[in-house]
Amino acid sequence: MSGTTTSSGGEYQLPREHYLNASYGIRSWLLTTDHKRIALLYLAAVTFFFFVGGIFATLIRIHLLTPNGLLVTPETYNKLFTMHGVAMVFFFLIPSIPAILGNFLIPIMIGAKDLAFPKINLLSWYVYIIGGCFVLYSFGTGGLDTGWTFYTPLSSVYSNSAVTPAVIGIFINGFSSILTGLNFVVTVHTMRAPGMTWFRLPLFVWSHYATSLIMILGTPVIAITVLLAGLERIFHFGFFNPAYGGDPILFQHLFWFYSHPAVYIMILPAMGVVSEIIPTFVRKPIFGYSFVAASSIGIAVIGFLVWAHHMFVTGEATYAAIAFSFLSYLVAIPSAVKVFNWTATLYKGSISYDTPMLYALGFIGLFTIGGLTGLFLACLGLDIHLHDTYFVIAHFHYIMVGGAVMGYVGGLHFWWPKITGRLYPEFLARAAAIILFIGFNLTFFPQFILGGLGMPRRYHNYPPEFQVLNVMSTAGASILALGYLLPMLYLTWSMRYGKIAGPNPWPATGLEWKTDSPPLTENFRETPEVDWEPYDFVHRPDLGLTGSKPKLPGKLSPAHGDD
Amino acid sequence: MHRTGELYGQYKTLEQQKETATLGMWVFLVTEILFFGGMFLTYAINRHEYPTAFGVGGNMLDLNLGFANTVVLIASSFTMAMSVWSAQTSNKKLVPIFLIFTLILGIVFLGVKVVEYKQKFDHHLIPGHGFDITYCSKQPAAVCGISEEDHAKEITEIKEGIEADGGLVALNAHAQLYFSLYFGMTGLHALHMIVGAGLLVWLILESRKGRFDANYNTPVENIGLYWHFVDIVWIFLFPLLYLINRHLA
Amino acid sequence: MQSQLPLYPESASNFSSQVDGLMLFMVAVCLFFGALICVAVVYFFFRYRRKTADEIGAPIHGDLRLEITWIVLPFFLLMAMFGWGAVIYVDYRHAPPDTLDVYVIGKQWMWKLQQPNGRREINELHVPVDRNVRLILASEDVIHDFSVPAFRVKMDVMPGHYNSMWFKPTKTGRYHFFCSQYCGTSHAIMGGWVTVMEQDEYAAWLAGSTNSGDPVAEGAKLYNDLACNTCHLPDGKGRGPSYNGVYGSKVKLADGSAVLADDAYIRESILQPNAKIVAGFQPVMPSFQGLVTEDQIIALTAYIKAQKDQPVPGKPAAGEPATGKK
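Those protein sequence lines, which keep their order, are chains D, H and L.
Under my numbering, think of the first position of the first sequence as 1, with each following residue one higher.
Under my numbering, think of the first position of the second sequence as 1, with each following residue one higher.
Under my numbering, think of the first position of the third sequence as 1, with each following residue one higher.
Worth flagging that the hints you see were computed from the coordinates, not collected in a lab.
Here the structure is a predicted model, which is why all the values come from computation and not from measurement.
Glycine included, C-beta positions come from ideal geometry on N, C-alpha and C.
Take these hints with a grain of salt, some might be off.
Distance ranges between label pairs, derived from CB positions [claimed, not checked]:
1) H:132 with D:133: 37 to 43 Å
2) D:75 with L:200: 57 to 63 Å
3) D:536 with H:201: 32 to 38 Å
4) H:132 with L:20: 46 to 52 Å
5) D:471 with H:26: 51 to 57 Å
6) H:194 with L:140: 51 to 57 Å
7) D:319 with L:110: 54 to 60 Å
8) L:255 with D:73: 50 to 56 Å
9) H:13 with L:36: 23 to 29 Å
One-sided and incomplete, this derived list gives chain D residues near chain L with beta-carbon spacing under 10 Å [said to hold, decoys possible]:
10) 129
11) 133
12) 246
13) 381
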């Protein structure tokens, strides 16, 4: 149905008309309501914040080469890790996959021309930019030294840094997230093409639906919380200040009520990406579709009930701690279900070693480590020892960087041909994926040991016995940095010089691969109708894989029917 | 909100467009509930912690103005509902008339709120360095513009409050928490009223063109939903802030 | 001597072995599952690599028995981890009755510690081996956290109320303690050393105290200076209750409930006198919030503690309403 502009000899050409050349000029970008162009606006802005956060991270790692700190004063060091956290969490990780890949793909995947509210979509980007400007203003004028967690009364009374513009920026940015989530939920409910039933939705859409629920229900709470902290700082209201009768623990409850689910805002979309990549490069349906889909919703729901596991050492009530530990263990189950199902999908597949697949497998490994170490922190008896040490740092970097960022970069490669119409250089891309995987483990695995030894987080210097592990970590970080720079360079290069991809280079089964690469502004020439099940390669002659026979009939059986 | 009854590019049918807009508004209201929820939780915890100071603070609000405002807001919800009804029954002339009534009532509410805020300012009840819960009890009744009877009641109450809360410093700090929450919550509510008033002005201009009828009235309906939501928030704020522990004569 | 590349922390308290046992169990379970996934992924990756360009995989859609297995089996393992962890946590949170109490005050960016006899230390803590030690923690400004990795203990130090933690050192030596909750500029240097000594050495060290006065005497002086003595008469006949024999006892409150008179109770009674009214008294005491420092509260508490053995002449007979207050 997509008027493919292919030539006969197997060489593809770019379609004559697509969303990138539909109009030109700065206004056509800044005033666009096309979800695909807005996704690219996000791509630019989010990449910028990734750079900013990355530079801070580099400085942190260099500083920690020696026990007494190599580079900066304690004040500066505290600002570096705070600004690293704020930039990465609020302005890179949370918007990365939803606002870029989600924005670009969800309407195409469900066969819609656009999101339900295109103008609100553009508004979210502007809100994000305005929030970002406030935060950059805070970084530029005195910086921020409260830790990204903004614990009171340090942030509301004692800190001398530019806290107020930063909390205003985060408050504003929250609305960007809320509006994006709102847009996705409504779109999935009302904009699906004929035949696109709920259980034919790509798992990417399911995971974004779950993510959007968290954005809608959690983000307003963080918005009001930082607003209260800001008011407290400006007007000395005293909600969270014991000197005025307030309670600093209340701030922590409200903060983590959002900020723990926020981790799922980061990881769920990456899980969605992996759930798309694996069936494509294994060329078989995902194992247990409904379990993978339901586990996304399960994570979103249970994720709201675990927040106080961040507060096991605040002196909270013993029974409360026990309840929250129990619930935290429950949330591990849907995550484990996903990992098992992805692994089972590989069984009797036809596995290719394309770059997105390498990222997806890297994701499984790193997310498994991140998830399993989370069990240590959910454990009441161990958390007391491990809380606020480098073990926590390593754990959440395995989830957020090993998980979310691997998913993001993998997804970017997977859909790069759709976004730009061109392929990236395969050899460089595979090399970068392997470099990233190695660099990541070298950077963060030693931090588990440091944490077990008791090295507290947010330390600008440390006892000398911790030095060897810190040096290893910094060495790994330099490899990691190379692993990030490579894709930035060759992806940029490929936008102009990459090989023309054609509509479905892998080939994959989703609706987004049935339209041109890059797609038209309205995505499809005519509204598509869906009459196939998700990830079905057998009944899809249009994929051009008809010559081959499936290795097994439709059931898992002990038959050795492969080859 | 879309300006006309015509079909927008991303939709296939008018029904889909309407369903989408309505669902969007409901989801938005859910986020609003959580937004206010954070403040209500802060209020609940502090009220539980400092019942005395919150009682003293609550008694310093002007019950008559608060009650009047409640009536005004309920009336405005009624006129809003009437304008939705008018649109649904294609009474095109009535739509703007009811909307104008709604707008006027909304402005009256905000006006009364300004009077109340001014009063609190005069009584040194704005949180900050000048905050003094005893200000009025130390002046002659006339200075604060309250009756001798109320003044006497306030003096006893503050005296009792100081004893119960463990001193003037404590009472003052905790009462300041009450007023912080009072201004935070009513301020956020008033901000929503102002946004609502802006939406009403736009809606009045559009409805005068006769745009809304039985076939197309989504904007009236959705802005109506928003207006009712803001009204309901006040229905919670009024008893929480004005009525609990009220010492009625 | 410290190794250049230590891989696990020293163990020097009663909690170390408990925590390490659980840690070992968790590491074993997690290694097993981690290895299972990795081996499966790597094996499949090579075993089922694509052989021809248009090949497709077997159309397997799932298997309910497998799904149920990998939901139920991990659930039981997770519950084992949860249960074991919870048991240890309860132990962490319930100090035995016979503790040696050390007061710890955190402020930006130093620790002030005070031994039971009033000997004070800065960023140093001396404790005897094989004795139950309880730390009573208070903060003068922001949230801090007292953490001793070798003991596997950690507790936040909150402004506005006491937290406490306990441990029993099992090995003499010197161990790091850290501030573990980020507290501002010099967070990283807000730490010091715990010295675990033989019990007789500790006693000698304590006796050799030169640098500070007796907290009971200091408390007694404050008691007069702050005019506590005008209401809290020793015979219980004043406007407030007597403190004689109060510490460690159950105090009956006006609302009919009872409360254990511990450090936290005494601190609260000084700062928020009307939070808990002793049965038979009126809520007339002013708050001392902002008028006394954390150090002074500790001195007053020490003084009140010291009045344990004195008789309480003013104690009303059973059933008769008391006249006095706290």
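These are the hints, each one checked on the structure:
In this structure the hint that residue 132 of chain H and residue 133 of chain D lie 37 to 43 Å apart at CB holds, the actual value being about 39 Å. Between residue 75 of chain D and residue 200 of chain L the CB atoms are about 46 Å apart, so this pair departs from the stated range of 57 to 63 Å. The hinted range of 32 to 38 Å is not satisfied by residue 536 of chain D and residue 201 of chain H, whose Cβ atoms lie roughly 53 Å apart. Hint check: residue 132 of chain H to residue 20 of chain L, Cβ distance near 58 Å, so the stated range 46 to 52 Å is violated.
Hint check: residue 471 of chain D to residue 26 of chain H, Cβ distance near 55 Å, so the stated range 51 to 57 Å holds. Against the hinted window of 51 to 57 Å, the Cβ-Cβ separation of residue 194 of chain H and residue 140 of chain L comes to about 43 Å, which falls outside the hint. Roughly 34 Å separates the CB atoms of residue 319 of chain D and residue 110 of chain L, a value that falls outside the hinted 54 to 60 Å. The beta-carbon spacing between residue 255 of chain L and residue 73 of chain D, approximately 54 Å, falls within the hinted interval of 50 to 56 Å.
For the hinted restraint 23 to 29 Å between residue 13 of chain H and residue 36 of chain L, the CB-CB distance of approximately 51 Å leaves it violated. Taking 10 Å as the C-beta cut-off, the interface hint given for residue 129 of chain D is violated, the closest approach to chain L being about 29 Å. Violation of the interface hint for residue 133 of chain D is found here, the shortest Cβ-Cβ separation to chain L being roughly 26 Å, above the 10 Å cut-off. The closest approach between the C-beta of residue 246 of chain D and any C-beta of chain L is roughly 9 Å, which is under the 10 Å cut-off, so the hint is satisfied.
Hint status for residue 381 of chain D: holds, given a least beta-carbon distance of 3 Å to chain L, under 10 Å.
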